[in-house]
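Undergrad: Spelled out, the chains give:
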Amino acid sequence: MAYQLYRNTTLGNSLQESLDELIQTQQITPQLALQVLLQFDKAINTALANRVRNRVNFKGSLNTYRFCDNVWTFVLNDVEFREVTDLVKVDKVKIVACDGKNQVNDYFSHSSLIIRPSQ
Amino acid sequence: MSDGTERHRQDTGLHQLYYDPNIENKNLAQKWLMQAQVSPQAWQFCWALLSPDKVPEIQYFGASALHTKISRYWSDIPSDQYETLKTQLFSQIACFSSGSKMVLTRLCVALASLALNTMPEVWPGAVPEMVRVFQEEGGGVDGRARCLALLELLTVLPEEFQTSRMPQYRKGQVRGALGREWGSVCPLLQQLLRQGDSPGAVKARVLRCLSSWVLLDVPLSESEGLVEDCFTALPDPELFDTAVEAIVNAISQPDSQRYVNTLLKLVPQVLSLQEQLREAVQNGDMETSHGICRIAVALGENHSRALLEQVAHWQGFLALVNMIMFCTGIPGHYPVNETTSSLTLTFWYTLQDDIMSFDCERQAVYLQVYRPVYFQLVDVLLHKAQFPSDQEYASWSSDEKEQFRIYRVDISDTLMYVYEMLGAELLSNLYEKLGRILTNTEQASSWQHTEALLYGFQSIAETIDVNYSDVIPGLIGLLLRININNVQLADTVMFTIGALAEWLADHPVMLSSVLPLVLQALGNPDLSISSVSTLKKICRECKYDLPPYASNIVAVSREVLSKQIHKTSQCMWLMQALGFLLSALHVEEILRNLHSLITPYIQQLEKLADETPNPSNKLAIIHILGLLSNLFTTLDISKQEDESGESTAPPVKTAPLPPGPNPVVVVLQQVFALIQTVLSKWLNDSQVVEAVCAIFEKSVKTLLHDFAPMVSQLSEMLGQMYSTIPQASALDLTRQMVHIFARETDHFPPIKALFELVTSVTLSIFQQGPRDHPDIVDSFMQLQAQVCFWFLISFTLGFSLVLSLSLSLTHTLSSSLFLFCCGLVVQENGKLLLQAVLEAIGGGSSRSLMEQFAEVLFSLNKHCFPLLTVWLKEALQAQGFPSTRVTTEQKDTFTQQILRERVNKRRMKDIVKEFTLVCRGLHGTEYAAEYCL
Chain V
1 MAYQLYRNTT LGNSLQESLD ELIQTQQITP QLALQVLLQF DKAINTALAN RVRNRVNFKG
61 SLNTYRFCDN VWTFVLNDVE FREVTDLVKV DKVKIVACDG KNQVNDYFSH SSLIIRPSQ
Chain X
1 MSDGTERHRQ DTGLHQLYYD PNIENKNLAQ KWLMQAQVSP QAWQFCWALL SPDKVPEIQY
61 FGASALHTKI SRYWSDIPSD QYETLKTQLF SQIACFSSGS KMVLTRLCVA LASLALNTMP
121 EVWPGAVPEM VRVFQEEGGG VDGRARCLAL LELLTVLPEE FQTSRMPQYR KGQVRGALGR
181 EWGSVCPLLQ QLLRQGDSPG AVKARVLRCL SSWVLLDVPL SESEGLVEDC FTALPDPELF
241 DTAVEAIVNA ISQPDSQRYV NTLLKLVPQV LSLQEQLREA VQNGDMETSH GICRIAVALG
301 ENHSRALLEQ VAHWQGFLAL VNMIMFCTGI PGHYPVNETT SSLTLTFWYT LQDDIMSFDC
361 ERQAVYLQVY RPVYFQLVDV LLHKAQFPSD QEYASWSSDE KEQFRIYRVD ISDTLMYVYE
421 MLGAELLSNL YEKLGRILTN TEQASSWQHT EALLYGFQSI AETIDVNYSD VIPGLIGLLL
481 RININNVQLA DTVMFTIGAL AEWLADHPVM LSSVLPLVLQ ALGNPDLSIS SVSTLKKICR
541 ECKYDLPPYA SNIVAVSREV LSKQIHKTSQ CMWLMQALGF LLSALHVEEI LRNLHSLITP
601 YIQQLEKLAD ETPNPSNKLA IIHILGLLSN LFTTLDISKQ EDESGESTAP PVKTAPLPPG
661 PNPVVVVLQQ VFALIQTVLS KWLNDSQVVE AVCAIFEKSV KTLLHDFAPM VSQLSEMLGQ
721 MYSTIPQASA LDLTRQMVHI FARETDHFPP IKALFELVTS VTLSIFQQGP RDHPDIVDSF
781 MQLQAQVCFW FLISFTLGFS LVLSLSLSLT HTLSSSLFLF CCGLVVQENG KLLLQAVLEA
841 IGGGSSRSLM EQFAEVLFSL NKHCFPLLTV WLKEALQAQG FPSTRVTTEQ KDTFTQQILR
901 ERVNKRRMKD IVKEFTLVCR GLHGTEYAAE YCL
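From first to last, the protein sequence lines are chains V and X. FYI, in full-length UniProt numbering the residues of the first sequence are 1 to 119. FYI, in full-length UniProt numbering the residues of the second sequence are 1 to 933.
None of these hints come from the bench; they were simulated from the model.
Cross-link-like lysine-lysine pairs, in silico, BS3-like; alpha carbons within 30 Å at most:
1. V/K59 <-> X/K701
2. X/K862 <-> X/K913
3. V/K94 <-> X/K909
4. X/K54 <-> X/K26
5. V/K92 <-> X/K905
6. V/K42 <-> X/K31
7. X/K101 <-> X/K26
8. V/K92 <-> X/K913
9. V/K89 <-> X/K701
10. V/K89 <-> X/K567
11. V/K42 <-> X/K913
12. V/K94 <-> X/K913
13. X/K54 <-> X/K86
14. X/K909 <-> V/K92
15. V/K42 <-> X/K171
16. X/K401 <-> V/K42
17. V/K42 <-> X/K101
18. X/K567 <-> X/K681
19. V/K94 <-> X/K905
20. X/K26 <-> V/K42
21. V/K92 <-> X/K701
22. X/K701 <-> V/K94
23. X/K618 <-> X/K563
One side only, chain X facing chain V, incomplete, derived with CB under 10 Å:
24. T463
25. R540
26. S846
27. R847
28. S883
Ideal Cβ positions, reconstructed from N, Cα and C, are used throughout, including at glycine.
For reference, chain V alone in the conformation it holds in the complex (with noise of 0.2 Å):
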């Protein structure tokens, strides 16, 4: 199975709110909606994979880290993200990375990120 975590993304929750808004209307059923989540986890986990090449650097404090079934978290703080030319500074950022290689194939070595601002 594919890992949901991208389900808590921009795409992901638009994608909730108008499956939602099909279920309230009528057009679809709980059991179809859950099929397309699932679909979509597995299409975001596959494209994230292989489709994505952007490298970015960053660096910044360590505050917290865990790691806890096969997920780590890292609370950073002072973050500097580096892509090509542009620089970005955040005060606090939360990263949730899991796995991804034993998700997508047993040829490349991946893992699923997920970077957000602290609230």
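Given chain V, work out where chain X should sit, using these hints.
TA: Quick look at chain X alone, frame taken from chain V:
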């Protein structure tokens, strides 16, 4: 409908699904069949569909329906019928063991599902029984077919367990029961694998079955013998893939690290594969080398720590590390001649981490052994990172080139990490090598070799502070000696200089050496990205040392911009670079350079403003406006450190400002009239309006209070723009102005007037129907939140209206609501607010916002309990409110729960979430349970 007709319809449906060319018929058939599959009648018809006179597609549907019923509708079956169902399934599997493979697999999955539903209480000895049943002679099916069917069944059993959805407690129970069954499976597999006369197909199935079982975490010590047998199967090409899979799965189980003795026995077995590996590499047999590499890497990557700790066996592990090194350096270019080397990269991280995590004393011992290994690794990686010959590279497809680029990025990441272990000596090592090949007059080196070494430097310098390294000045000297005769090499030279930008800021004397290289590259369209980004990095990091070179940089930039050498985004980067550069000059100098830089564009814009709007001049206008925005984004004379401009409160400036108006303001005032002219023609076009607003937004962000002289002018223009054609970007700019200037009495009147104007215009749009303008609603709410933040003024009308129109609300709005709740205003308009909140909970708003609405309710409950009691009763009295799906009883329960909860906010959130599910018809569905918000 009779059974006969029903079955006929299924046959027709299946025929349509598989063979009907008409897609609509196919869809209809699929829909109907899906429904049939879950219907109560499926229990009966599925057996009929399996009859031998049907075609395999129909039989497959029958088997599949059976599996669906058993896995999802298990409770349909009375317990006294379990035995009959089991017997029927066994006999069907026996029938199909020499029939269609796909039907057989489905039936096995169905029986596996039954076993999982009945283990361990109802069917305690499931696996021994399966083995027994299939070992019995009979049914006219030959022994080999029965054996294959049994193996298929045993293979799908753990797989079905992994994919089945059962409650957590049950999962643990079944897992334990399955684990115990390994005692019956293991000897069977071993026997079949070791029998000399077992056919290849049986052995392959045994290996698959083993793969499936080891995933259940069976102890490695118990599967040790079988794993050894897998190694003996490797020379057999027919069994190679499945054997590799089984070995890798067994070694990679998290639990396997507990069996160090078994792991130690595996090391020589893996090492014994080296001969086969070398042979495969020599013969270009990619599949075999890939498979063996996977085994070596699985052992090294998963157990490096455990094996490192076995000091007595250090030579064996070092040999394994060298074997993996061989795989990393496998001959040929990735991905065209080989795809194996990339498998090994993670291993090197793991090994390094494990070594570095030992205490100092042990670390020192390991480093003595492994530092030379890692130096060798750097050589190997840089060799692998080399581009192929020009001719060969030209023959690669774009996909292969992209794969190679990614591979180089992976190598770059590995090198950066290796630097942590090898330190400055790594840079000296690279420097010496580079020096040797560039100064060797006897033998000309290939550009590929030079490029790879520089790439190594760049990989490290890009992210690691190389300030203390003493080889950088020498490196820059070497850079100038490079005969740049190739685009890739030139790109890497540029990126290396860019990576050294921070170092250059500390050693400005070297700028004069590198800048000519960068400026020269700026004129080459092939080097567009590398040269522009390098110039930007240098301008950002070294701006205070650049004034002597400023006029030259501006002149070259002007020229390349006018010759249109770069694509739009690089032009924007270049403007940002120039913004940084100009920031460090004197005001007069800035103005002079600004004029020379932007005058041609202003003239062009004047011309474009006179033309009748058409798509091509629109693009040109947006391009020019973009150039100005990007220039003003970075042109900051206040020496302010924070360049991001993203902080929530307006930063306070510390540096004294130079006298006189800010040069950006001077320029903006000069072009203001022109911008108004452009706007007058393009007011309808949201992209042009957005580009105009962007100029001011970027300038305001950078200039902050220096922007003051333009506040009144801009407020007036924004007001006019918005009242003619409301656009979201105008609201965003208004918000920016409120953010920075609203607290200053001098600027309060124009800002206030602007705010009032946009509010009244927006409200009138909302009355016509806000659903058509979600972007305006969003921007407006953010503006309101901003205003609310500063003034805490009441704006009941605005958002109550929006709420009652049940829009998808933003997070910002919800937090505004929370703030608003604290105000006195609640007492007057509270009921309206409550109604809006209830409507949102009833389905008017996204479910992701329920926590915020729960907070509003919580806050109302805490501060205005008596009023809330009355309002809730009144509001929920209405029939069908907030949703037609909730009954009066459910509403009453909700009211009681809400009113009771005055302490526990989390509980309040749960109550609201529960109620919203009921209102939306989602309560109790698997979909709602999966929702992760």
